[in-house]
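Student: The whole structure should be built from the sequences, with the hints applied where relevant.
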Amino acid sequence: MTEPKLYRGEEAHIKFLDDIITLVERISRSYNDKEGKIIMTHEDRATFEAENSCGHCEVDFSQPGIVKVRDHAHQKRAGGKTRSNYRKALCSNCNLIFRHEKCVRVVLHNGSRHDFHEVVLALNKYPHNVEIIPHTEENYISMTVHMGNRFSIKFIDSFRFLPASLDKLVQTIPRESFVRTRKLTRTDNEFDMVCRKAPFPYDYVDNPAKLNETRPPPREAFFNTLTQTDISEEEYERFLQVWQTFNFRNLGEYSDFYLRLDVCLLSDVFEEFRLFGMKNYGLDCANYLTLPGFAFVAFLKITKAKIQLFNDMDMVFMIMSSIRGGITQVVKRHALANNPLIRGQFDPKIPLSYIQYLDVTALYAHTMSKHLPYDNYTWVPEGEELLILAKTIINHPDDAPFGFILDVDIEYPEHLHDLHKDLPFLCRNEIPPSGAGKSTNY
Numbered sequence: 329m330t331e332p333k334l335y336r337g338e339e340a341h342i343k344f345l346d347d348i349i350t351l352v353e354r355i356s357r358s359y360n361d362k363e364g365k366i367i368m369t370h371e372d373r374a375t376f377e378a379e380n381s382c383g384h385c386e387v388d389f390s391q392p393g394i395v396k397v398r399d400h401a402h403q404k405r406a407g408g409k410t411r412s413n414y415r416k417a418l419c420s421n422c423n424l425i426f427r428h429e430k431c432v433r434v435v436l437h438n439g440s441r442h443d444f445h446e447v448v449l450a451l452n453k454y455p456h457n458v459e460i461i462p463h464t465e466e467n468y469i470s471m472t473v474h475m476g477n478r479f480s481i482k483f484i485d486s487f488r489f490l491p492a493s494l495d496k497l498v499q500t501i502p503r504e505s506f507v508r509t510r511k512l513t514r515t516d517n518e519f520d521m522v523c524r525k526a527p528f529p530y531d532y533v534d535n536p537a538k539l540n541e542t543r544p545p546p547r548e549a550f551f552n553t554l555t556q557t558d559i560s561e562e563e564y565e566r567f568l569q570v571w572q573t574f575n576f577r578n579l580g581e582y583s584d585f586y587l588r589l590d591v592c593l594l595s596d597v598f599e600e601f602r603l604f605g606m607k608n609y610g611l612d613c614a615n616y617l618t619l620p621g622f623a624f625v626a627f628l629k630i631t632k633a634k635i636q637l638f639n640d641m642d643m644v645f646m647i648m649s650s651i652r653g654g655i656t657q658v659v660k661r662h663a664l665a666n667n668p669l670i671r672g673q674f675d676p677k678i679p680l681s682y683i684q685y686l687d688v689t690a691l692y693a694h695t696m697s698k699h700l701p702y703d704n705y706t707w708v709p710e711g712e713e714l715l716i717l718a719k720t721i722i723n724h725p726d727d728a729p730f731g732f733i734l735d736v737d738i739e740y741p742e743h744l745h746d747l748h749k750d751l752p753f754l755c756r757n758e759i760p761p762s763g764a765g766k767s768t769n770y
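Residue 329 is where the sequence shown starts when you use my numbering, and the numbers rise one by one after that.
Read the hints as simulated data drawn from the structure, not as lab findings.
Here a beta-carbon is modelled for each residue, glycine too, at the ideal position from N, C-alpha and C.
Heads up, some of the hints might be wrong.
[To be verified] No farther apart than 30 Å at their CA atoms in a straight line, the calculated lysine-lysine pairs in the DSS-like style are these:
no.: 1; residue 1: Lys333; residue 2: Lys430
no.: 2; residue 1: Lys607; residue 2: Lys634
no.: 3; residue 1: Lys343; residue 2: Lys538
no.: 4; residue 1: Lys525; residue 2: Lys343
no.: 5; residue 1: Lys632; residue 2: Lys416
no.: 6; residue 1: Lys525; residue 2: Lys538
no.: 7; residue 1: Lys660; residue 2: Lys396
no.: 8; residue 1: Lys632; residue 2: Lys430
no.: 9; residue 1: Lys430; residue 2: Lys634
no.: 10; residue 1: Lys453; residue 2: Lys430
no.: 11; residue 1: Lys482; residue 2: Lys607
no.: 12; residue 1: Lys660; residue 2: Lys749
no.: 13; residue 1: Lys634; residue 2: Lys416
no.: 14; residue 1: Lys482; residue 2: Lys453
no.: 15; residue 1: Lys749; residue 2: Lys677
no.: 16; residue 1: Lys632; residue 2: Lys607
no.: 17; residue 1: Lys365; residue 2: Lys430
no.: 18; residue 1: Lys453; residue 2: Lys496
no.: 19; residue 1: Lys333; residue 2: Lys416
[What the hints assert, rightly or not] Quick list of simulated restraints, FRET-style, between CB atoms:
no.: 20; residue 1: Leu603; residue 2: Asn438; range: 19 to 25 Å
no.: 21; residue 1: Ile460; residue 2: Ile425; range: 26 to 32 Å
no.: 22; residue 1: Asp750; residue 2: Ile670; range: 53 to 59 Å
no.: 23; residue 1: Val458; residue 2: Ala663; range: 49 to 55 Å
no.: 24; residue 1: Glu377; residue 2: Glu446; range: 49 to 55 Å
Tutor: See the structure below:
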């Protein structure tokens, strides 16, 4: 682990990008594109001989035609010394297609909404080509800066993998995983104090002069106008304890410590998540942009599913037209219930009725755990007898080896209109008869 860099002053976003680019240039100089000699220790040789399957595709080396080879790193170690550069045993096929990606990842928590904007402003200073994957016009999934030396810098958002506050995330990892955070402390007592995110008076520090104050800010200085929340007495006492234990001389020193702690905590949390992915799936989440992307590749690897792509555009358009998502409901502005538990409003002369809010979660995850189509997409022949086909579909089991995707015209029985008017079955994504933007009775 390198020593954390700290800068306090104007144009911090430019200084940050300067340091990142300098680091990547240094890494690129240590990279060897040539094949190079494989250097192995006795332990490496024993490990290689003991491997029975490819470390990537997991094919058994005993199968006919499978050649076992050594994979090694192409990067020099610090100081130019290279001891062992062996990594793992691969089959010759994987070794031929394996490429060492020349990319340095920069991980920012909730960077899509905050830090990425500052990085974009700093990039105006540089001539490098920038590739952005946007979510919206102002919200970016990732940014890649292409350097002139064929290296690149990719900014990814850890919040897209771990969607929770850093304070909550640090409470999910074991004590021994705080490897980088521990380096900020000298004793176990200090370490116990910093194993969670520290509070900071964001609104109070509204000019640089505040950082020169030698006394700890009062509790009311920690009120957050953005979230309209204050810190608890317990959190404030912990802040005072940290201030006294680390002997800060002013608020600026506490600010410096807070920033170092934030970076080290995020590093420990994200590294723990990376290790989890590599241990359980053999995949590094840092190579992906979002948790769904990482999970999809893990699914393909674990299940070894071979999913055929559509080669018929009519099929593609049919499937796209049936996609539903987001909020699928119509909320009544005013609803009445004849509930016997509500005193003064219950009328025993009319039928009982209740108001209940139901939120069905994990619909996508539930569907993905069921039987899904993956191959042999064909149209039903035009000559197929529809009545026979209808009976087949009605009696078709959910776990059958083949299924149907239907595009149908329906008649909605009139006696169901009032009952289903709030949210009809088989809803369609279209503009209502009254037109977009016009008032309706629904």
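Student: Verify the proposed pairing of Lys333 with Lys430, using a straight-line Cα cut of 30 Å.
Tutor: holds (23 Å)
Student: Taken at face value, is the distance from the CA of Lys538 to the CA of Lys525 at most 30 Å?
Tutor: Satisfied, since the Cα-Cα distance of roughly 22 Å is no more than 30 Å.
Student: Holds or violated: Lys430 and Lys634, Cα atoms, limit 30 Å.
Tutor: holds (29 Å)
Student: Does 49 to 55 Å hold as the CB distance between Val458 and Ala663, or does it fail?
Tutor: The hinted range 49 to 55 Å holds for Val458 and Ala663, with Cβ atoms some 51 Å apart.
Student: Compare the distance between the alpha carbons of Lys632 and Lys607 with 30 Å, and conclude whether the hinted pair is satisfied.
Tutor: holds (18 Å)
Student: Taking the Cβ atom of Asp750 and the Cβ atom of Ile670, is their distance within the range 53 to 59 Å?
Tutor: 21 Å Cβ-Cβ, so the 53 to 59 Å window is violated.
Student: Check the hint pairing Lys482 with Lys453 against an upper bound of 30 Å on the C-alpha distance.
Tutor: OK: Lys482 and Lys453 at ~17 Å, within 30 Å.
Student: So if I understand the rule, the pair passes when the alpha-carbon distance is 30 Å or less; does Lys525 with Lys343 pass?
Tutor: holds (25 Å)
Student: Do Leu603 and Asn438 keep their Cβ atoms within the hinted range of 19 to 25 Å?
Tutor: Hint holds: Cβ distance 22 Å, inside 19 to 25 Å.
Student: Does the alpha-carbon distance linking Lys343 and Lys538 stay inside the 30 Å limit?
Tutor: holds (22 Å)
Student: Regarding Ile460 and Ile425, is the given constraint of 26 to 32 Å on their beta-carbon distance met?
Tutor: holds (28 Å)
Student: Given the hint that Lys660 pairs with Lys749, does the C-alpha gap stay at or below 30 Å?
Tutor: holds (11 Å)
Going through the hint list in order, the structure does not satisfy hints 7, 18, 19, 22.
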